[in-house]
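Q: Sequence order for the protein chains is A and B.
For the first sequence, position 185 (counting from the first letter as 1) is numbered 184 according to numbering that gives the first Met the number 0, and the numbering increases by one without interruption.
For the second sequence, position 140 (counting from the first letter as 1) is numbered 139 according to numbering that gives the first Met the number 0, and the numbering increases by one without interruption.
Derived from the structure by calculation, the hints contain no laboratory data.
Backbone N, C-alpha and C define an ideal beta-carbon position, used for all residues, glycine too.
One or more of the hints may lead you astray.
Which residues of chain A face chain B? A few of them, derived with a C-beta cut under 10 Å, are [said to hold, decoys possible]:
1) 35
2) 101
3) 214
4) 482
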Amino acid sequence: MIAASVVLLATIPLLFVVYNGLQLSAERWAALWSGRLPALMWNTLTLAFWVALGSFTLGVSCAWIIGRRQFAGRTLATWLMVLPLTIPTYVYAYIYTALLEDDGWLGQLWHAVFGHDAAIPDLYNVGGVALVLSLAGYSYIFLLVRAALMRSNRNLEEMAQIQGASGRTVFFRVTLPLMRPAVAAGLALVVLHVLSDFGAVSMLRYQTFTLSIYLQMSGRFDYQAAAGLSLVLLLISLTFLVLERFFRKRQRYYARAQSRVVVAKAATRGELILLWSWLGLVTLFAFGLPVAWMLSWSWEAWANQMIGAEFWGYVNNSVIVAVLAATVATACGLPIGLYHTRRHSLLSSTFLHLSSIGFVLPGPVVALGILTFVIAGFSSLYGSLAVLVMALVVRFLPLAIQSQEAAMQQLTPSIEQAGRIHGAGPLENLWRVVLPMMKGGMISAWVLVFIDVLKELPATLLLRPVGFDTLPVRIWIEASEEMLELAAPAALMLIISAFPALWIMMRSEIPRRQS
Amino acid sequence: MLQRWFLIGAALITPLLYTASACSEELVVYSGRSDKFVKPVVKAFTERSGIKVLLHSAKSTALLNKMRVEGEHTQADLYLSNDAGNLQIGSDLGLFTPVSDAIADTIPANLRAADNSWIGLSARARVLVVSNNAKDVGFVKSVFDLADPRLKGRLAITNSSNGSFIAGTTVYMLTAGKEKTKHWLEGMKANVDGKVFDKHSKIVKAVASGKLDVGLVNHYYIYRHLAKEPDAPIHIVLPDQDGMGVAWNVAGIAISKYTKKRAAAEQFVAFLTSEEGQKIFAEMNREYPTRKGVAAAAEVPAAGSYVVNDIAMSELGKQRSATIDLLEAVGMP
Numbered sequence: 000m001i002a003a004s005v006v007l008l009a010t011i012p013l014l015f016v017v018y019n020g021l022q023l024s025a026e027r028w029a030a031l032w033s034g035r036l037p038a039l040m041w042n043t044l045t046l047a048f049w050v051a052l053g054s055f056t057l058g059v060s061c062a063w064i065i066g067r068r069q070f071a072g073r074t075l076a077t078w079l080m081v082l083p084l085t086i087p088t089y090v091y092a093y094i095y096t097a098l099l100e101d102d103g104w105l106g107q108l109w110h111a112v113f114g115h116d117a118a119i120p121d122l123y124n125v126g127g128v129a130l131v132l133s134l135a136g137y138s139y140i141f142l143l144v145r146a147a148l149m150r151s152n153r154n155l156e157e158m159a160q161i162q163g164a165s166g167r168t169v170f171f172r173v174t175l176p177l178m179r180p181a182v183a184a185g186l187a188l189v190v191l192h193v194l195s196d197f198g199a200v201s202m203l204r205y206q207t208f209t210l211s212i213y214l215q216m217s218g219r220f221d222y223q224a225a226a227g228l229s230l231v232l233l234l235i236s237l238t239f240l241v242l243e244r245f246f247r248k249r250q251r252y253y254a255r256a257q258s259r260v261v262v263a264k265a266a267t268r269g270e271l272i273l274l275w276s277w278l279g280l281v282t283l284f285a286f287g288l289p290v291a292w293m294l295s296w297s298w299e300a301w302a303n304q305m306i307g308a309e310f311w312g313y314v315n316n317s318v319i320v321a322v323l324a325a326t327v328a329t330a331c332g333l334p335i336g337l338y339h340t341r342r343h344s345l346l347s348s349t350f351l352h353l354s355s356i357g358f359v360l361p362g363p364v365v366a367l368g369i370l371t372f373v374i375a376g377f378s379s380l381y382g383s384l385a386v387l388v389m390a391l392v393v394r395f396l397p398l399a400i401q402s403q404e405a406a407m408q409q410l411t412p413s414i415e416q417a418g419r420i421h422g423a424g425p426l427e428n429l430w431r432v433v434l435p436m437m438k439g440g441m442i443s444a445w446v447l448v449f450i451d452v453l454k455e456l457p458a459t460l461l462l463r464p465v466g467f468d469t470l471p472v473r474i475w476i477e478a479s480e481e482m483l484e485l486a487a488p489a490a491l492m493l494i495i496s497a498f499p500a501l502w503i504m505m506r507s508e509i510p511r512r513q514s
Numbered sequence: 000m001l002q003r004w005f006l007i008g009a010a011l012i013t014p015l016l017y018t019a020s021a022c023s024e025e026l027v028v029y030s031g032r033s034d035k036f037v038k039p040v041v042k043a044f045t046e047r048s049g050i051k052v053l054l055h056s057a058k059s060t061a062l063l064n065k066m067r068v069e070g071e072h073t074q075a076d077l078y079l080s081n082d083a084g085n086l087q088i089g090s091d092l093g094l095f096t097p098v099s100d101a102i103a104d105t106i107p108a109n110l111r112a113a114d115n116s117w118i119g120l121s122a123r124a125r126v127l128v129v130s131n132n133a134k135d136v137g138f139v140k141s142v143f144d145l146a147d148p149r150l151k152g153r154l155a156i157t158n159s160s161n162g163s164f165i166a167g168t169t170v171y172m173l174t175a176g177k178e179k180t181k182h183w184l185e186g187m188k189a190n191v192d193g194k195v196f197d198k199h200s201k202i203v204k205a206v207a208s209g210k211l212d213v214g215l216v217n218h219y220y221i222y223r224h225l226a227k228e229p230d231a232p233i234h235i236v237l238p239d240q241d242g243m244g245v246a247w248n249v250a251g252i253a254i255s256k257y258t259k260k261r262a263a264a265e266q267f268v269a270f271l272t273s274e275e276g277q278k279i280f281a282e283m284n285r286e287y288p289t290r291k292g293v294a295a296a297a298e299v300p301a302a303g304s305y306v307v308n309d310i311a312m313s314e315l316g317k318q319r320s321a322t323i324d325l326l327e328a329v330g331m332p
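One chain only, chain A, in its complex shape:
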């Protein structure tokens, strides 16, 4: 029941899209098919492929190093790998465009190395966008793979080694296949982010579905074409999700109860140098350079006393919205996830897929759908924060469900049955058995949603109450006015605001590592 009503909420944008899409005449559909669609499909899918490859390489390599080796600064390295999550894609795109200009740091370096006439590569192509999105997304894969590595059983790897397999063979034939569920889940997150990304592609003008949909809506005020394109995008994404679920279902690994605790091998001196150079390189581009850039511009603003009291208002607004949306999304995700883990029926997986719609549709479309719905049915609510929170919950619900579901899978029916035998009612069982066991999953769900909401731009831009500016809104406004000294501190504050939430998540993981 609860699950069903949450799913209903999540399908509002879908109704909007289907309604507008249905008004599209057959000829216009045909025109879309023969005109734009092939190119858009090709652009979007190649981008998804390159970003998947890029973040897979970065995420898995770093996770393996940190999960399998004990070395000085390991905790620090873990943090450095997760911190890029706090930087929005449009900020990456913006900063790297600035850095690669003639007078940017990387531009100057390029000229110094390759001579003054060498053309600096630019980011306005699939490679550039893929680079930006990989840097922004690899942390998802890192987090999931590392957690899986920590939990996984080393016996199998050692067995392979005893049989004479080389280190490389072990990694590719044993470790990596074992990681498949985690990698699949991570890739799914990354690809979904790519399909729905709006910030980086619009800044780098790379025509994907989201950008084209947005241009149809904003440039031509053509909701029908936008809805038609959204429907196609939705189909692609759902196909992808179903495939991912299908692969994951076939890959179930059970660790036996007596498997040993994972002990990471201490790194030798040579390895230490190698692994830190790789981790350092990744961090330099994913976090170091962007933050250095933000710091240098923020310093400018600070020195010129440009950061006024209203700045703290933006921070405050951002955090309020993120806390509200994360809490509501986590709570809403719980019944859907629980229902699916218990039943595994057709209905439950339909629920699951329907609830992922918000994540798949472009933010502006979700926002307009919610807007239309609220105006039509609940106009008294209109203009309040509730509408914005509702849209954000719809957008990020799938993220909350995914992370909680992972935790729910540890919840074998026998545990709940034990609770019931001991006389606990269903509610008490939920409260005293299920929820405590799910605490970890709920915390990471909350944190991931919190961070994504903190970074969210298109829906917030459209649905925020009048005059209610958040940090991303300010970054966007200042950056489009080229007031870098004001955009930079806002981006920096975004990182700092996300910090406590990340800390909570990392802390909840540490005992698992030490035990």
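Add chain B to chain A, keeping to what the hints say.
A: Positioned in the frame of chain A, the structure of chain B alone reads:
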């Protein structure tokens, strides 16, 4: 235990019902124009009238979409945009209500809507920025010369989703015809070879540094650069003086059809079109005040000293889709 959860729940719900409660005495302006260019005139207005103005900033087009979906529930009392095209589209969607004739008559007829549902406040000219050190650029007298193969690798333009680029193209298309404009776009596409700029300011910078020779920009970007670097080796060329004239585009304002504060909204528009308001509004960005008799900043070429294309600004909205079709057909980057 339950009590604690109840408290947490209550704490969560309270902010959800937050609305900008000060709204009742405030004018809400959906603004697609840079905050920093609007704030000074808003401040002056509030000091005069005691009426507060809240700027809700976002992209012009996004705000128009928002108003369209909001309909009668909109919180906007006014809509402000940098592009006449957006204003006219809003007018065609029936989102605005005409301002009184007394206010409208202070502004030339081609710089406002035919039914006065929006009023142009400041104008920008589409001009060329040319490097002082460039050789062989003397032949560039018209924007159509930018398609000349002699400018291959020397031309700087913005990407074709830029609002000013679209507006300029619309003017040329309506004056010189679709065919000529198409050839022009194709020529420029060949000249820039895929390298276009995302900001006008970067074009001026590139021309000033000598990397490129000629750029197509709005006039104020040149003077903004010169204000920072007075010795920059660039100059302005006003194109098409023997022909169709320089293309203009206006920033303007409209009153929402569903405003409940019509009198205050009119008062704001009246101030914006007054001599004082015009001066503050236009001068911040070195644009041309639309009101007759108010001069622009001293450094820009005076309005009236050169030929301006006299197309009605409302056409920028009516023809925008046709322009975008043309740009897409050419595959303009």
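Q: Which constraints among the numbered hints does this structure fail? Numbers only, ascending.
A: none
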